[in-house]
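**Q** Residue numbers (this note's numbering), protein chains in the order written: chain V, 1 to 438; chain U, 1001 to 1082.
Think about it this way: if two alpha-carbon atoms lie no more than 30 Å apart in a straight line, the pair counts; the simulated DSS-like pairs of lysine-lysine are:
no.: 1; chain 1: V; residue 1: K148; chain 2: V; residue 2: K168
no.: 2; chain 1: V; residue 1: K206; chain 2: V; residue 2: K328
no.: 3; chain 1: V; residue 1: K377; chain 2: U; residue 2: K1061
no.: 4; chain 1: V; residue 1: K168; chain 2: V; residue 2: K140
no.: 5; chain 1: U; residue 1: K1061; chain 2: V; residue 2: K140
no.: 6; chain 1: V; residue 1: K206; chain 2: V; residue 2: K140
FRET-style restraints, in silico, Cβ to Cβ:
no.: 7; chain 1: U; residue 1: E1040; chain 2: V; residue 2: L378; range: 22 to 28 Å
no.: 8; chain 1: U; residue 1: T1012; chain 2: V; residue 2: E318; range: 55 to 61 Å
no.: 9; chain 1: U; residue 1: E1076; chain 2: V; residue 2: A244; range: 34 to 40 Å
no.: 10; chain 1: U; residue 1: A1015; chain 2: V; residue 2: L6; range: 36 to 42 Å
If you're looking for bench data, these hints aren't it; they were derived computationally from the structure. Glycine is no exception: its CB is placed at the ideal position from the N, C-alpha and C atoms.
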Amino acid sequence: MTESQLHFDVLVIGGGPAGVAAAARASDCGARTGIVDDNPSLGGQIWRNEAGQHEGDHYPNDASHWVQRLCTSGATSLCGMRVVHRPEAGVLLAESFDGFCELRYEKLVLATGAREGFLPFPGWTLPNVMGAGGLQAMVKCGLPIRGKRVLVTGSGPLLLAVAAYLRKHGAEISMICEQASWRSLARFGLALSNWPAKVAQGIRLKRELAGVAFAANSWPVSASGQQALEAVTIMRAGKVEDIACDYLACGFHLVPNLELPLLLGCAVGHGRVHVDDFQETTVPSVFCAGEPTSIGGVDLALVEGQIAGLAATGRATEARGLFSQRQKARRFAQLLDRTFRLRPELKTLSLPETMVCRCEDVSYARLQQCTSWRSAKLHTRCGMGPCQGRVCGPATQFLFDWHPDSVRPPVFPARVETLVATAQHRELHLSEPAGGHR
Amino acid sequence: MQGQLNVRINGTPIAVPAGVTVAVAVALAERPCRTSVTGEARGPLCGMGICFECRVAINGKLHCRACQVLCESGMEVETGSR
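Can you build the whole structure from these sequences, using the hints too?
**A** The structure is reproduced here in structure tokens:
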């Protein structure tokens, strides 16, 4: 167990595009800047393993440009570390595989990104049923996918990007099933003309996915298999169909990671962190950028991250110069929200015995007897396992209209050594351990 | 990702490409990661460290998220815990 204490002028939590841009901009004016990410390397999910080598001033993509800019800026990267607790104002406690670290800051930028939205349906707990981004992440980390039959389902533009990526790596894409209707997809397509770069991206994806069946108004009904997934039943535009496959890549758009903003007391409404023009939250000196403020993709994340990094280092004029760019990217976020809203039919997929909370194996039938998220937690342990409701929380919000009422530290399961060691320095409230193991 | 390295999964040696995560090594060994509280086999879901479905024991350390840890030569991985 190793421990340390670090002090930064600007501390950034999250190493995706928003966090990398924030840290690069904060650091390039000489502020002592640190960036923390849970993953083994920077880039977040969208840039995972893409920040490759560059030659001179030529960067193969945005990822390598920004990550390189960050690396040369003198910022300290702390990868493989996740923030678990805020022992006092201006201090965060982070844990790594074999140690922990106290991070002190003057200004904080929360760029915690988003996760996929998951919805329960019979068989969704079978091995090889994964998130769409989840399967892509596994393949980026070395999972061989060549020759495997993959069904891609759910909602959102990520489905197309994932399908194209997997196909490029040799997967056989059985079909892409998007729950949104043709009508809203058509409106999306028309509105896209306001963002020429997105149109170009769309055309490229269409070319890469030539010959792959795409169905709107379609969603998974159930998955089956003995030890692992063997087949999926889908509802395809009103008709039930069975598809044999090796993997089901299923993600229902994205859900922002709000646990840390909530722990710090930042105001959140309608599932989004409230920020002012300079990306500052309702907690002074705490900024937020990227998906937690609105699901807008990499362009919005980059511009918000830059504004946060500039504002955190007192460069308001430079930050203002990016406002119009941000406004345009925010309109795209609103378009995404409208287009990929989940249809009510998806609330009826679970059978009584379908597990909704995967950590504690709480079935749909048991949750139907509960009246709120709190009562579900108290009576069934729903949301009380290691993921602390990160998967079943958004699902039950959609299914039952429940709302989580509080976030308690540690926000990720933490080792007792970590908590005890910091408790030696200060009083730590351990009265209600969250996410502990029985 | 260059070269191979050896890890042991439930005591069985397996060579994996350098740079892969433990979750990928477990998949290459064709094993689920953990057993749920009612006895179901579970594997990775989110691939990014939030769902905890891929947790395994690594070098005796329990409840490690296999998708967030890179394989190192000689690593001992145990699957199937609850």
